[in-house]
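*Asks:* The primary structure of each chain is shown beneath.
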Amino acid sequence: MIYYSKTHEYINMINDTEGYVGISAFAAKQLGNVVYVDLPEADDEFEQGEDFGAIESVKAASDLYAPVDLEVIEVNEALADDPRLINADPMKNFIMKVEVKDASQLEELMDEAAYADFCAKEH
Amino acid sequence: MNKELYGNLVFELSHKGRKGYALPANGLDNAGALNDMPAAVMRTGAPDLPECDELTVVRHYNNMSTNNFGVDTGFYPLGSCTMKYNPKLNEEIASHRAFAGLHPFAPASAVQGALKAYWTLQQLLSEIGGMSEFTLNPFAGAHGELTGLMVIRRYHESRGDTKRRKVIVPDSAHGTNPASAAVAGLEIVEVKSRPDGTVDVDDLRPLLDDTVAAMMMTNPNTLGIFEKNIPEIAHMVHEAGALMYYDGANLNPMLGVARPGDMGFDVMHINLHKTFSTPHGGGGPGSGPVGVREGLEEFLPTPRVVRRHVNSDDQPVAEENRFAIEYGPEALGSISATLGNFAVQLRALSYILSLGSDGLMQVGPLATLNANYIKEMLKDDYLLPIETVCKHEFVFDGLRDKSTGVTTLNVAKRLLDHGYHAPTIYFPLLFHESLMIEPTESESLETLDDFIGVMHDIAREARETPDVVINAPHNTPITHPDDTEAALHPILTYDELAAQ
Chain A
1 MIYYSKTHEY
11 INMINDTEGY
21 VGISAFAAKQ
31 LGNVVYVDLP
41 EADDEFEQGE
51 DFGAIESVKA
61 ASDLYAPVDL
71 EVIEVNEALA
81 DDPRLINADP
91 MKNFIMKVEV
101 KDASQLEELM
111 DEAAYADFCA
121 KEH
Chain B
1 MNKELYGNLV
11 FELSHKGRKG
21 YALPANGLDN
31 AGALNDMPAA
41 VMRTGAPDLP
51 ECDELTVVRH
61 YNNMSTNNFG
71 VDTGFYPLGS
81 CTMKYNPKLN
91 EEIASHRAFA
101 GLHPFAPASA
111 VQGALKAYWT
121 LQQLLSEIGG
131 MSEFTLNPFA
141 GAHGELTGLM
151 VIRRYHESRG
161 DTKRRKVIVP
171 DSAHGTNPAS
181 AAVAGLEIVE
191 VKSRPDGTVD
201 VDDLRPLLDD
211 TVAAMMMTNP
221 NTLGIFEKNI
231 PEIAHMVHEA
241 GALMYYDGAN
251 LNPMLGVARP
261 GDMGFDVMHI
271 NLHKTFSTPH
281 GGGGPGSGPV
291 GVREGLEEFL
301 PTPRVVRRHV
311 NSDDQPVAEE
321 NRFAIEYGPE
331 ALGSISATLG
341 NFAVQLRALS
351 YILSLGSDGL
361 MQVGPLATLN
371 ANYIKEMLKD
381 DYLLPIETVC
391 KHEFVFDGLR
401 DKSTGVTTLN
411 VAKRLLDHGY
421 HAPTIYFPLL
431 FHESLMIEPT
441 ESESLETLDD
451 FIGVMHDIAR
461 EARETPDVVI
471 NAPHNTPITH
481 PDDTEAALHP
491 ILTYDELAAQ
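Chains as they are written, first to last, in the numbering used here: chain A, 1 to 123; chain B, 1 to 500.
Hints were generated in silico from the structure; no laboratory data involved.
C-beta atoms are modelled at their ideal positions from N, C-alpha and C, and glycine is treated no differently.
Treat the hints with care, as some may be off.
[Claimed, not checked] Partner residues are not named here, just some residues of chain B that face chain A (Cβ under 8 angstroms, in silico):
hint, residue
1, Leu429
2, His432
3, Asp483
4, Thr484
5, Leu488
[Claimed, not checked] Quick list of in silico lysine-lysine cross-link-like pairs, BS3-like style, CA-CA up to 27 angstroms:
hint, chain 1, residue 1, chain 2, residue 2
6, A, Lys97, A, Lys6
7, A, Lys29, A, Lys92
8, B, Lys379, A, Lys121
9, A, Lys29, B, Lys166
10, A, Lys6, B, Lys402
11, A, Lys29, B, Lys192
12, A, Lys6, B, Lys166
13, B, Lys163, B, Lys192
14, A, Lys6, A, Lys121
15, B, Lys228, B, Lys192
16, A, Lys121, B, Lys192
17, A, Lys6, A, Lys101
18, B, Lys379, B, Lys192
19, B, Lys166, B, Lys192
20, B, Lys192, A, Lys6
21, B, Lys402, A, Lys121
22, B, Lys379, B, Lys402
23, B, Lys116, B, Lys88
24, A, Lys121, A, Lys92
25, B, Lys228, B, Lys379
26, A, Lys29, A, Lys121
27, B, Lys379, A, Lys29
28, B, Lys166, B, Lys116
29, A, Lys6, A, Lys92
30, A, Lys101, A, Lys121
31, A, Lys29, A, Lys97
Make a model of the complete structure from these sequences and hints.
*Replies:* Structure, rendered in structure tokens:
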């Protein structure tokens, strides 16, 4: 199940407590070519809404926000070498694998259909 | 233009042994002095400099200069940058040998005239900003922001109020605001804008408490909209014990019309290279003077230029020693080696004095009229997200017709084909396709009409032959640089280029 935040991060849950966090295809397209990702470190903990890193494209720099309370299990180091992977496939090229601290917060996020509506209204 | 001479670096035009000078033999016996130098600092081979005849060098740089685009070349509507004309009189004043030949550490008694010029500009900026005192030391706008925030921090600390670590910054702010706050060791809190583009007072209220050091605002903001609630915001911020910081980036429309000090701001910076017509960026160093309201003067950085009629013993000071450079013990410390970019300050002083107070008061209304004229003439083709009277600049959210696939980037590049500098694009971040236009007061109606015509042409091309716009520019010396690759792997030295 994939959930989306209003700030365009996704969390792709692989079981009840673990998931991959990245930015949505919509966000990747809006940003344009990504040139730098400021990655967190494994074992870092973030509260919902807290910024866990930043992403820089040829157009803009944006903070990345934790969609739920989480602890970082691992980060996708490949992005440090080639941040353009995010543009190639933002879902496959996640930013970090996380443990969700409070699964009930997932309910506050949007599912695929709700997020599509949200993006349509953005423009 | 000669491609051969422009397209090559001067290093690539070099031929071994080809020189543009002939020095006489060294007739002085200075070998002994050189023998005393440590071997480690002595050069063993010739320096790796290009070797060209004088004519080649002259043509190379002349051709290159014609590929530079500036306000002297054409219309430069780069939003938020206030690319107004830089009057040549300013250059004449700044390059006058009485100023240009001064040593930065000359004794005050030998440079009274220069210090008087510096002091006069301090007074004029204080009057224009509604502040008590200004320092001209900061080297640029962002440096001014940092200095201003350090002043604010020092103010709170001097009162033992050490838990104020937060700076509130609107989401429409220039990127330098949060950056300066971070460099000053403070924490950034964002406040949202309302649909009309101004700061959301209801969003601000809960953010204000005894941990807030300052609120930074640009007024008019980066959307070119005047923050009408500024007295209320200043009142709320002051009630919470925090200070108001004015980012002077958009001072131009306010010049002589409204003063940040009167709006409730406590600390401000001015970008002399914007509002006061000194050259920008690569065209010359910047300058970011910082002003403070009464009660904060002691926190300004050192050194300062002061005028004294009596000395510390209450004895009259002679005319020739009236202006002094003072290193105050209470001050913030030093944020620059000397008194800032003096030649830039002179240009600003020249601009202010040559326009006079009446002239300065025409700047804002004309800049505002020009911006609103372009906005109204183009809003049928370009999407105007906030329909209101703007100040000196405004923001379109790309083309009105979103079905063509033509983006703001494409429009900006197509403008280059027509000999215009592009507007600011993709800033502010409030819209996806921001296209920010600031014509300044310098431009004639004819120039504005030509630009409006071209913008309409581009909108028509976007509908009829979108590929022409999407593949632009077609006429520039460099057409499609790989900006992603350039950001990822920048080539910054000749050695890196040669290694490719």
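*Asks:* Look at each hint and say if it fits the structure.
*Replies:* Structure-based check of each hint:
no., hint, in the structure
1, Leu429, "holds, 6 angstroms"
2, His432, "holds, 6 angstroms"
3, Asp483, "holds, 5 angstroms"
4, Thr484, "holds, 4 angstroms"
5, Leu488, "holds, 5 angstroms"
6, Lys97(A) to Lys6(A), "holds, 20 angstroms"
7, Lys29(A) to Lys92(A), "holds, 15 angstroms"
8, Lys379(B) to Lys121(A), "holds, 21 angstroms"
9, Lys29(A) to Lys166(B), "violated, 33 angstroms"
10, Lys6(A) to Lys402(B), "holds, 23 angstroms"
11, Lys29(A) to Lys192(B), "holds, 24 angstroms"
12, Lys6(A) to Lys166(B), "holds, 25 angstroms"
13, Lys163(B) to Lys192(B), "holds, 24 angstroms"
14, Lys6(A) to Lys121(A), "holds, 12 angstroms"
15, Lys228(B) to Lys192(B), "holds, 16 angstroms"
16, Lys121(A) to Lys192(B), "holds, 18 angstroms"
17, Lys6(A) to Lys101(A), "holds, 20 angstroms"
18, Lys379(B) to Lys192(B), "holds, 26 angstroms"
19, Lys166(B) to Lys192(B), "holds, 16 angstroms"
20, Lys192(B) to Lys6(A), "holds, 14 angstroms"
21, Lys402(B) to Lys121(A), "holds, 14 angstroms"
22, Lys379(B) to Lys402(B), "holds, 14 angstroms"
23, Lys116(B) to Lys88(B), "holds, 22 angstroms"
24, Lys121(A) to Lys92(A), "holds, 26 angstroms"
25, Lys228(B) to Lys379(B), "holds, 24 angstroms"
26, Lys29(A) to Lys121(A), "holds, 16 angstroms"
27, Lys379(B) to Lys29(A), "holds, 26 angstroms"
28, Lys166(B) to Lys116(B), "violated, 38 angstroms"
29, Lys6(A) to Lys92(A), "holds, 20 angstroms"
30, Lys101(A) to Lys121(A), "violated, 31 angstroms"
31, Lys29(A) to Lys97(A), "holds, 22 angstroms"
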